[in-house]
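K.L.:
The lines below spell out each chain.
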Amino acid sequence: ELKVEQNPLFLSMQEGKNYTIYCNYSTTSDRLYWYRQDPGKSLESLFVLLSNGAVKQEGRLMASLDTKARLSTLHITAAVHDLSATYFCAVENTGNQFYFGTGTSLTVIP
Amino acid sequence: KAGVTQTPRYLIKTRGQQVTLSCSPISGHRSVSWYQQTPGQGLQFLFEYFSETQRNKGNFPGRFSGRQFSNSRSEMNVSTLELGDSALYLCASSLGLAAAQYFGPGTRLTVL
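Respectively, the protein sequence lines represent chains D and Y.
Sequence positions in the first sequence follow my numbering and run 1 to 110.
Sequence positions in the second sequence follow my numbering and run 111 to 222.
Hints are computed from structural coordinates only; laboratory data are not their basis.
Computed from a predicted structure; not experimentally measured.
Built from N, CA and C at the ideal position, the CB exists for glycine as well.
Warning: the hint list may mix true and false statements.
[What the hints assert, rightly or not] In silico contact screen, one side only, chain Y against chain D (beta carbon under 8 Å); selected entries:
1. Pro118
2. Arg165
3. Phe174
[Claimed, not checked] Calculated pairs, DSS-like style, for lysine-lysine (alpha carbon to alpha carbon, straight line, at most 25 Å):
4. D/Lys68 - D/Lys3
5. Y/Lys123 - D/Lys41
6. D/Lys68 - D/Lys17
7. D/Lys56 - D/Lys3
8. D/Lys17 - D/Lys3
9. D/Lys3 - Y/Lys167
Kindly generate the complete structure, drawing on both the sequences and the hints.
P.N.:
Structure representation (structure tokens):
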């Protein structure tokens, strides 16, 4: 079974700082997704990464995919309070099944 | 454009009962996926339907089943409920494979 590991699990950072969330997975895949979940809410799709070297950016968030290293990163630039949420990565295997990471709970402190 | 809707939003059942959850996708989306979210197991993929056919299935027992109708609406059924089935059940719709998924608000099921 495909394993997806995210780290860190918890992240507390000051406004204005940069940080990176890592998503490692255990078997070959070139489809990776990032989601955001606010407390008590559903998931919101952030990025869809479909090939090695893919990079997507939206506002202060940038996601990248290295399929050879089986690694995706979600980089946060100049964090603001509104980015506080839990971030999940999900990997789609060749059988089109989705496997989610454990999530990274991000708190941005003013 | 209306988002993904799920009904009911909250449900309380007792062990041994069965339950049916409903999901209406975004208009034009033919793919509907179901997920279970619990504090212990996190987010787990249940199954995915496309044009009324189940294309993929996660590692859940046969008590979990689903179907999709010709209008793309989907239902999920859980029979012989167990305490461990208490969870938030999320449905997501998309245009198809490798496309962004749009999630509904979820149905919170509590099994007593």
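K.L.:
Give a verdict on every hint.
P.N.:
Hint check results:
Given hint, Y/Pro118 at the interface with chain D, is violated; its Cβ is 15 Å from that chain's nearest Cβ, farther than 8 Å. Among the interface hints, the one on Y/Arg165 holds; its C-beta lies about 6 Å from the nearest C-beta in chain D, closer than the 8 Å criterion. Look at Y/Phe174: its Cβ only gets to about 14 Å from chain D, farther than 8 Å, so that hint breaks. The suggested pairing of D/Lys68 with D/Lys3 holds, with an alpha-carbon distance near 16 Å, which does not exceed 25 Å.
For the given pair, Y/Lys123 sits about 22 Å from D/Lys41 by alpha-carbon distance, which is consistent with the 25 Å threshold. Restraint check: the Cα-Cα separation between D/Lys68 and D/Lys17 comes to about 29 Å, which exceeds 25 Å; the hinted pair is violated. For a cut-off of 25 Å, the pair hint linking D/Lys56 to D/Lys3 stands: about 23 Å separates their Cα positions. A distance of roughly 30 Å separates the Cα atoms of D/Lys17 and D/Lys3; the hinted pair therefore is violated under the 25 Å criterion.
For the suggested pair D/Lys3 and Y/Lys167, the alpha carbons sit about 17 Å apart, so the restraint of at most 25 Å is met.
Hints 1, 3, 6, 8 from the list above are not met by this structure, while the remaining hints are.
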